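S.K.: Sequences listed follow chains E and D, in order. Residue numbers for the first sequence follow the working numbering, beginning at 62 and rising by one. Residue numbers for the second sequence follow the working numbering, beginning at 62 and rising by one.
What the hints contain is simulated information worked out from the structure, not anything from laboratory work. Among the hints, erroneous ones may be present.
Remember, identical chains collapse to one label, so a pair may be satisfied in a single copy or spanning two.
[Claimed, not checked] In silico DSSO-like pairs for lysine-lysine, Cα to Cα no more than 30 Å straight-line:
id, residue 1, residue 2
1, Lys237, Lys332
2, Lys250, Lys340
3, Lys114, Lys148
4, Lys148, Lys64
5, Lys114, Lys154
6, Lys349, Lys64
7, Lys372, Lys188
8, Lys186, Lys372
9, Lys237, Lys340
10, Lys349, Lys154
11, Lys188, Lys154
12, Lys332, Lys159
13, Lys349, Lys148
14, Lys95, Lys154
15, Lys148, Lys340
16, Lys183, Lys277
Because the structure is a prediction, the values reported are computed rather than measured.
Here is how the chains run, residue by residue.
Number of protein chains: 2
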Amino acid sequence: MTKLVSIGVDVGGTNTDVGIVDREGKILSRKSLKTGEYLTAESFISQLCFEIKNLISDEEILGIGIGAPNGNFFTGNIEFAPNLRWKGIIEVKNLMKKEFNCPIFLTNDAKAAAIGEMVFGKAKKMKNFILLTLGTGLGSGIVVDGNLCYGHDGLAGEMGHTQAVFNGRECGCGNKGCLETYVSATGIKRTLFELLSRNISETPLRDFSFNALNSKIITDFALQNDSYALESFDITARYLGIKLAEVVAYFRPEAIFFFGGLSQAGDLLLKPARNYMEKYLLPVYCGKISLSISGLSQDAAILGAAAMIWKENL
Amino acid sequence: MTKLVSIGVDVGGTNTDVGIVDREGKILSRKSLKTGEYLTAESFISQLCFEIKNLISDEEILGIGIGAPNGNFFTGNIEFAPNLRWKGIIEVKNLMKKEFNCPIFLTNDAKAAAIGEMVFGKAKKMKNFILLTLGTGLGSGIVVDGNLCYGHDGLAGEMGHTQAVFNGRECGCGNKGCLETYVSATGIKRTLFELLSRNISETPLRDFSFNALNSKIITDFALQNDSYALESFDITARYLGIKLAEVVAYFRPEAIFFFGGLSQAGDLLLKPARNYMEKYLLPVYCGKISLSISGLSQDAAILGAAAMIWKENL
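Could you build all of it, start to finish, from the sequences and the hints given here?
M.R.: What follows is the structure, given as structure tokens:
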């Protein structure tokens with residue numbers, strides 16, 4: 062019997078990763094493309110289809126799942142993604158349907174990761190949970206009663222663009238004070254720079270430019286007890302904890318998982334975030350919400366994309 | 062053929078209303094009980110069962126739907142309702158099952174009203190919408206993909222207890238700054254009292270005690286251009302609009318409906334709330350979210366409770 066596999070595609074601004082994924086979440090083979098090298102979306106998708114066909118030998122493709130920035134599950138399009146060189150609407154699903162006669166699903170990266178958590182990770186038996194990706198921005202995949210919350214047009218679940226601070230930090234979306242300007246790999250850098258501007262004591266962190274800094278460096282300094290780095294984590298955790306209390310009141314998830322660069326700080330972020338969350342939770346939820354790091358490996362993006370297909374075939 | 066009917070029960074702190082409701086949302090007969098007169102929950106439920114049986118002649122009961130403060134759909138219990146004289150957990154569904162051999166559903170009043178809106182009101186063809194009841198508190202029924210969002214234990218959808226103001230007004234839940242302390246019939250009274258305390262100009266509203274005041278009176282004064290009443294509405298609408306922008310980012314509803322005492326102010330509240338919401342919405346949602354008054358009559362509570370049964374039999 063031919064082996065059934067799903068294709069997982071993770072479209073990123075720099076690289077696009079493709080993997081052949083089996084039912085157990087094992088990546089059987091993989092390939093990487095330089096997203097930015099393709100002048101048109103059409104030439105990129107043409108090459109993507111070619112690479113997928115190349116990866117397949119005698120397996121049967123059950124379907125293709127694609128996680129992409131601003132990917133809309135309802136339309137199958139990438140819509141106005143700021144981090145891709147191709148502007149406007151890219152009809153990914155329609156373009157790929159010309160090459161493949163199997164189901165093709167597209168969604169954004171955080172929503173794909175949430176499905177990955179449900180199919181391959183820690184949320185296997187959960188019906189209500191939330192996954193937050195703390196990278197350049199803050200993405201959220203919110204699962205309600207076993208399905209992703211897509212809303213009326215596929216654009217629900219934008220927790221990163223709910224307000225954390227009234228009239229707060231400028232956000233790429235055009236608004237101010239959005240959660241992702243405080244709680245993300247970029248957000249903690251901004252918080253650190255705010256602390257450096259307010260205070261005068263010395264720290265080696267004063268030798269980093271904004272662009273040279275990243276959340277890994279801040280984490281390393283925090284682990285060495287640098288007071289600026291530690292305070293940055295505490296402030297970030299406080300913003301996060303307050304908003305977690307809010308998201309619990311809306312969705313009452315069983316658990317909240319964290320993924321992405323900043324989440325690799327682990328307890329440095331999650332322990333104080335849990336304390337702040339508990340402080341602001343409606344009493345009826347206290348002590349009931351689990352916070353933890355995602356159960357998926359670094360390949361979560363590919364696995365999550367492929368999991369969209371497996372979820373439909375469980 | 063015997064006529065199929067559903068029973069709708071609206072349990073309130075003062076009165077409990079029972080209605081026999083047909084498929085079209087017509088109340089065929091009804092009865093009211095004084096909730097507060099029953100010393101025990103058991104005696105109350107026993108009388109409630111008796112009254113239901115009395116109302117029925119030759120109709121066949123398809124099921125009984127009950128809306129009650131702190132009603133939990135998952136357990137069928139009223140759990141620690143502050144406005145009822147019976148404390149702790151009341152096993153409403155279990156007690157009634159001894160008397161009726163039909164499906165019995167219990168939920169809280171706002172969630173029941175949302176189902177009423179879906180079955181009998183303006184949300185008939187909607188899969189994603191939100192209903193807010195602006196009464197003593199702020200209740201919310203949030204419909205995701207055609208079903209109420211109950212979360213892991215039935216206690217999702219507590220928008221009234223999400224934070225509107227950090228370290229803000231004292232709330233009955235034990236926290237501070239909850240939305241319902243600003244946006245509800247009680248919230249607008251508190252806002253008016255804050256304005257009266259801050260400013261010195263005269264208004265006949267200075268002759269009302271807190272307990273004598275209600276949202277209807279503030280509405281009437283606003284319609285007569287009383288500046289305190291008008292500013293109270295503007296402040297309330299601003300708090301509401303900011304949080305509506307938030308709830309849209311989480312759920313992307315097609316529409317948001319308003320019910321309850323304060324919502325009867327209509328455009329006095331909804332017009333500025335819409336403007337504030339649009340100001341704070343993520344641009345991708347702008348101009349797409351409809352705000353309006355509920356399509357249900359004053360009998361929404363009975364209709365909503367009965368609608369839980371009809372929804373299962375559509």
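S.K.: A separate judgement is required for each hint: does it hold in the structure or not?
M.R.: Quick rundown of the hints versus the structure:
Taking identical chains as interchangeable, the C-alpha atoms of Lys237 and Lys332 lie at most 30 Å apart whether they share a chain (27 Å) or sit on different chains (23 Å). In this homomeric assembly, Lys250 and Lys340 come within 30 Å of each other (Cα to Cα) both inside a single copy, at 25 Å, and across copies, at 28 Å. For a Cα distance limit of 30 Å, the shortest separation of Lys114 from Lys148 inside one copy, 27 Å, qualifies, whereas the shortest one across copies, 65 Å, does not. Taking CA atoms no more than 30 Å apart as the test, Lys148 paired with Lys64 passes in neither setting, with 38 Å inside one copy and 59 Å between copies.
Proximity of Lys114 and Lys154 under a CA criterion of 30 Å is satisfied intra-copy only: 16 Å inside one chain copy versus 57 Å between copies. In this assembly of identical chains, the alpha carbons of Lys349 and Lys64 never lie at most 30 Å apart, being 41 Å within a copy and 45 Å across copies at closest. When the C-alpha separation of Lys372 and Lys188 is checked against a cutoff of 30 Å, the pair qualifies both within a copy, at 13 Å, and between copies, at 22 Å. In the homo-oligomer, the alpha carbons of Lys186 and Lys372 lie at most 30 Å apart both inside one protomer (12 Å) and across protomers (27 Å), since each shortest distance falls under that limit.
Taking the shortest alpha-carbon separations for Lys237 and Lys340, both the intra-copy value of 26 Å and the inter-copy value of 11 Å come in at or below 30 Å. Taking the shortest Cα distances, Lys349 and Lys154 sit within 30 Å of each other only across copies (25 Å), while inside one copy they are farther apart (40 Å). Taking the shortest Cα distances, Lys188 and Lys154 sit within 30 Å of each other both inside one copy (28 Å) and across copies (24 Å). Taking the closest pair of Cα atoms, Lys332 and Lys159 never come within 30 Å of each other, the shortest separation being 49 Å inside a single copy and 48 Å across copies.
In this homomeric assembly, Lys349 and Lys148 come within 30 Å of each other (Cα to Cα) only across copies, at 23 Å, whereas the closest approach inside a single copy is 44 Å. Taking the shortest alpha-carbon separations for Lys95 and Lys154, only the intra-copy value of 20 Å comes in at or below 30 Å, while the best inter-copy value is 60 Å. In this assembly of identical chains, the alpha carbons of Lys148 and Lys340 lie at most 30 Å apart only when taken from different copies (25 Å versus 43 Å within one copy). Taking the shortest alpha-carbon separations for Lys183 and Lys277, only the intra-copy value of 24 Å comes in at or below 30 Å, while the best inter-copy value is 51 Å.
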